[in-house]
Amino acid sequence: MSGSQDEIPPPPPPPSSSQTPTQQTPHTVSTIKLPILKKGEYDIWAMKMEHYLAHTDYPIWEVIQNGNGPVSITTDTQGQIKVLPPRTAEEILARERERKARTTLLMALPEDHLAKFHKMTDAKEMWDAIKSRFGGNDESKKMQKYILKQQFEGFSVSNSEGPS
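Each residue of the sequence shown is one higher than the one before, counting from 1 in UniProt numbering.
Hints in this document: simulated from the structure, not taken from any laboratory.
These numbers come from a predicted model, not from an experiment.
One thing to keep in mind: the hints can contain errors.
Stated by the list, open to error - For lysine-lysine, the following DSS-like pairs were computed, each having C-alpha atoms within a straight-line distance of at most 27 Å:
(1) K131 - K100
(2) K39 - K145
(3) K38 - K116
(4) K119 - K100
(5) K38 - K124
(6) K131 - K48
(7) K82 - K119
(8) K82 - K145
(9) K116 - K100
(10) K131 - K145
(11) K82 - K124
(12) K82 - K48
Use the sequences and the hints to build the structure in full.
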């Protein structure tokens, strides 16, 4: 053997008494990249987002799918609607999840579309608006295919552009 024991790396030091085993393990969720919506790829993006959110923070996905429950509101003396601050730990958690869900969806949108969605206060409403804006329905998809077919049929290559 040509190598000596000096070439073998030493074993890692034992954990200190102040660390628990869970603190030593890196959090692998941070290595997953947030899917960004691209034009014409809504269906793939929606599947990726569902899996991403279900894996990283399932309660956030539930907020997007099911809504977050009612928010306490009141009307002030001028007739303005005011959202009441959360009073219970459950209400605080629900607001936090809603905020996280909205932020995650906004981060997954192209920058040129942020203004259209950032004023929405409900993540479920935002998800539905993204779907209607980028996903389209079957009728609009049929129309898009028809238009593309018409454009293709109208396309021709002149002799000067084609192979000689």
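Verification of the supplied hints:
{"no.": "1", "hint": "K131 - K100", "in the structure": "holds, 19 Å"}
{"no.": "2", "hint": "K39 - K145", "in the structure": "holds, 16 Å"}
{"no.": "3", "hint": "K38 - K116", "in the structure": "holds, 16 Å"}
{"no.": "4", "hint": "K119 - K100", "in the structure": "holds, 15 Å"}
{"no.": "5", "hint": "K38 - K124", "in the structure": "holds, 20 Å"}
{"no.": "6", "hint": "K131 - K48", "in the structure": "holds, 14 Å"}
{"no.": "7", "hint": "K82 - K119", "in the structure": "holds, 16 Å"}
{"no.": "8", "hint": "K82 - K145", "in the structure": "violated, 46 Å"}
{"no.": "9", "hint": "K116 - K100", "in the structure": "holds, 18 Å"}
{"no.": "10", "hint": "K131 - K145", "in the structure": "holds, 19 Å"}
{"no.": "11", "hint": "K82 - K124", "in the structure": "holds, 21 Å"}
{"no.": "12", "hint": "K82 - K48", "in the structure": "violated, 36 Å"}
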